[in-house]
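K.L.:
Produce the entire structure from the sequences given, and follow the hints as far as they go.
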Amino acid sequence: MSGTAQVTPAAELYAQREKRLLDAIELRQPDRLPTILFSHFWVARYAGMSFRDAMYDYEGLAAAMRKAVTELQPDGFHPVHPMIAIGPAMEILDYKQLEWPGHNGLSENVPFQYLDRQYMEVAEYDEYLLDPTGFVLHKYLPRVAGAFEPLAQLPSYPTTLHTRIVQSMEAYARPEVRGALEKLIKAGEEVQKMRGTLSRLNQQLKELGFPCMNHGTSHAPFDVASDYLRGSKGAMLDLFRNKDRLVAVMDRLVAMLPKTAIATAQATGGNMLFIPLHWGLDGFMSPKQFSTFYWPQFQKVLLALIEAGLYPHVLWEGDCTSRLDVIKDIPKGKCVYFFERTDMFKAKQALRDQVCIRGNVPASMLIAGTPDEVRAYCKKLFDVVGEGGGLILDASVGIPDEAKPENVQAMFEYAKQCVY
Amino acid sequence: MEEKSKQLVQLIADMQEEDAVQLARQMLDSGYDAVTLLGHCREAMELVGKRYEEGEYFLPELMLAGEMLTAIGDMAKPLIKQDPSKAKEGAKVIIGTVHGDLHDIGKNIVTFMLEINGFQVIDLGIDVPAAVFVDSIKTHQAKVVGLSGFLTLAFDSMKNTVETIKAAGLRDNLKIMIGGGQVDDAVRTYTGADAFGLNAMEAVSLCKKWIAA
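Respectively, the protein sequence lines represent chains Y and L.
Take the first sequence: its letter number 160 is residue 210 in the working numbering, and every next letter is one higher.
Take the second sequence: its letter number 88 is residue 92 in the working numbering, and every next letter is one higher.
Treat the hints as calculated values from the structure; they're not laboratory data.
Note that the Cβ used here is the ideal one computed from N, Cα and C, for glycine as well.
Certain hints may be false.
No farther apart than 27 Å at their CA atoms in a straight line, the calculated lysine-lysine pairs in the DSS-like style are these [unchecked claim]:
1. L:LYS170 to Y:LYS454
2. L:LYS54 to Y:LYS293
3. Y:LYS466 to Y:LYS69
4. L:LYS96 to L:LYS10
5. Y:LYS338 to Y:LYS398
6. Y:LYS283 to L:LYS81
Far from chain Y, some chain L residues (derived; all Cβ distances over 12 Å) [as the list claims (entries may be wrong)]:
7. LYS10
8. LEU27
9. GLU47
10. MET79
11. LYS81
12. HIS103
13. VAL138
14. ASP139
15. HIS144
16. LYS163
17. ARG175
18. GLN186
19. ARG192
20. LEU210
P.N.:
Below you can see the structure in the form of structure tokens.
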């Protein structure tokens with residue numbers, strides 16, 4: 051470093067950033083406060099792209115992501131393509147679980163929104179328990195996307211065996227099934243194209259020195275039952291009306307969810323998992339319901355993922371302050387709890403020897419506040435929650451779509467001054 | 005019968021859905037006055053609301069209580085001969101999820117809690133344009149409007165709704181409360197609302213305070 055410009059090579063920066071994040075996660079004191087860039091549509095907005103274009107233009111979104119990462123210089127980034135660059139495939143599939151910008155009359159600059167509906171009826175619990183794959187193939191998929199409707203005609207394979215397997219091929223030649231398969235291939239080609247862009251982008255960002263901090267997603271069993279199967283109302287009522295079957299479905303999910311997440315992470319060669327939680331927060335369920343129907347099942351999923359060498363980043367949406375004493379029962383330094391409105395200072399007290407904390411510059415501050423307010427909040431987080439390490443700075447649920455650029459810049463710049 | 009009516013209140017309040025609905029059916033079949041029976045349901049709902057406020061009950065219990073009320077109401081209402089328009093109406097509160105946002109759980113819980121506290125809630129649904137709030141305020145002459153939103157896009161939508169209400173000349177005698185998702189005091193200032201709430205009880209307290217004033 052004598053005389054010439056002090057330019058740290060990208061490979062060295064990559065190693066430094068990765069170490070900084072791993073030190074925080076594994077509860078060693080890093081050299082300074084690490085950050086992760088996690089957003090949905092903010093990166094698109096920052097680059098002047100419409101939300102609709104972000105969902106349809108793979109290369110445009112990659113350029114937007116490159117701009118945000120190179121300008122903000124986070125220690126790691128969470129890829130946006132898998133979450134949002136899915137417009138073309140959804141259109142081909144006639145996908146029905148989301149409303150998205152520029153589709154069905156929605157304006158071009160609103161985020162997509164999940165439609166909370168009952169996708170599995172009470173009467174279908176037993177069918178799911180008997181054969182989850184059969185239920186999903188024949189009933190669930192046809193409900194969530196028009197292109198899957200003809201799949202209801204496919205044979206039930208556990209009982210279609212030997213030469214009946216050959217006989218069953220007839221179903222695939224029916225015009226409607228043929229049509230469905232053609233759509234699935236087209237949708238698959240779109241996803242491959244998107245993933246090609248994503249993989250080139252990740253490689254470019256790696257060469258620029260930025261580690262990717264997400265290699266897959268998983269869920270809490272109750273959230274799968276609620277969000278994706280029974281709908282929020284159905285799942286809440288099932289806590290009284292069908293609790294045994296609800297628990298039985300969650301037990302199946304405890305066994306199935308880690309397998310999928312581990313396989314996805316292995317395919318990408320990474321070890322960081324994102325787990326957004328929806329229904330376990332304070333005010334939604336009672337502490338008793340949480341300790342009966344939410345945490346025990348989710349804890350088993352977490353333990354299986356940790357056992358496989360993965361680092362779950364659990365996004366505890368809403369306020370989970372009353373859950374802290376329960377959720378601290380997890381192996382030390384093996385996962386990250388990402389908090390939205392949980393009292394961060396109480397979280398530090400409860401989790402300091404156990405779990406790395408991530409978060410939580412409030413959305414309201416990033417949208418309506420000033421850079422000074424953002425810096426003051428980050429300082430408080432670093433001084434109290436960051437004490438001794440164990441903190442990754444982020445916004446409360448990632449950067450909100452409407453955040454002012456100067457506020458986001460202030461957050462990432464300030465972290466670089468937070469030296470241990 | 006008095007014993008049975010007490011039992012009905014307890015069964016509903018204790019979340020014994022099957023027994024509660026069955027007992028209500030028996031009471032109605034044996035000629036029990038439907039209006040009085042619905043009065044017991046209201047009494048039970050007050051208990052449910054109280055337990056929610058005290059942190060004993062949460063959303064699943066409110067959801068189940070709502071189901072029991074609907075089931076018993078569906079049995080009782082056809083037996084009521086009096087003109088429903090003569091029923092006493094509480095103070096009006098307009099509520100809706102603002103334009104662009106499709107979430108409704110928070111809004112529905114606030115509606116439920118306001119109704120069991122005697123307010124007449126005009127629920128405009130989800131993705132409600134500012135002009136629809138304005139029309140509803142004019143039609144119903146309500147003193148309180150509640151704007152709900154889960155997504156951060158709701159901040160601008162709430163701000164626009166408050167401004168549209170103001171531009172229509174309706175802001176002066178109106179109180180506006182906001183809630184949902186990441187709403188906090190900074191969002192209240194940003195949107196120009198009068199107050200924000202973190203849960204349904206706060207919405208009830210605000211309405212009681214404002215409407216009594």
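K.L.:
Does each hint hold? Answer for all of them.
P.N.:
Hints, one by one, checked against the model:
Between L:LYS170 and Y:LYS454 the alpha-carbon distance is near 26 Å, which keeps this suggested pair within the 27 Å criterion. Restraint check: the Cα-Cα separation between L:LYS54 and Y:LYS293 comes to about 25 Å, which is no more than 27 Å; the hinted pair holds. The straight-line distance between the Cα atoms of Y:LYS466 and Y:LYS69 is roughly 15 Å, inside the 27 Å bound, and the hint therefore holds. Between L:LYS96 and L:LYS10 the CA atoms are separated by roughly 30 Å; this puts the pair beyond 27 Å, and the hint is violated.
Restraint check for Y:LYS338 and Y:LYS398: satisfied, since their Cα atoms lie roughly 23 Å apart, inside the 27 Å limit. Simply put, Y:LYS283 and L:LYS81 have alpha-carbon atoms about 24 Å apart, close enough for the 27 Å limit, and the pair holds. Under the 12 Å C-beta cut-off, the non-interface status given to L:LYS10 relative to chain Y holds; the minimum distance is some 22 Å. Taking the minimum C-beta to C-beta distance to chain Y, about 17 Å, the non-interface status of L:LEU27 holds against the 12 Å cut.
Residue-level check passed: L:GLU47 sits 21 Å from the nearest beta carbon of chain Y, beyond 12 Å. For L:MET79, the non-interface assignment is confirmed: its Cβ lies about 19 Å from the closest Cβ of chain Y, beyond the 12 Å cut-off. With 12 Å as the threshold on Cβ separation, the claim that L:LYS81 sits away from chain Y holds: the shortest Cβ distance comes to roughly 22 Å. Taking the minimum C-beta to C-beta distance to chain Y, about 9 Å, the non-interface status of L:HIS103 is violated against the 12 Å cut.
Annotated as non-interface, L:VAL138 keeps its C-beta farther than 12 Å from every C-beta of chain Y; the closest such distance is 20 Å. At roughly 21 Å from the closest C-beta of chain Y, the C-beta of L:ASP139 stays outside 12 Å, upholding its exclusion from the interface. The Cβ of L:HIS144 sits about 27 Å from the closest Cβ of chain Y, beyond the 12 Å cut-off, so the non-interface label holds. Not every beta carbon of chain Y lies more than 12 Å from that of L:LYS163, the smallest distance being close to 9 Å; the non-interface claim is violated.
Residue-level check passed: L:ARG175 sits 20 Å from the nearest beta carbon of chain Y, beyond 12 Å. Against chain Y, the non-interface label of L:GLN186 is violated: not every CB pair exceeds 12 Å, the least being about 4 Å. Here L:ARG192 does not stay apart from chain Y, with its beta-carbon only about 9 Å from theirs, under the 12 Å limit. Distance to chain Y confirms L:LEU210 as a non-interface residue, since its nearest Cβ pair spans about 17 Å, more than 12 Å.
Hint compliance for this structure: hints 4, 12, 16, 18, 19 are broken, all remaining hints hold.
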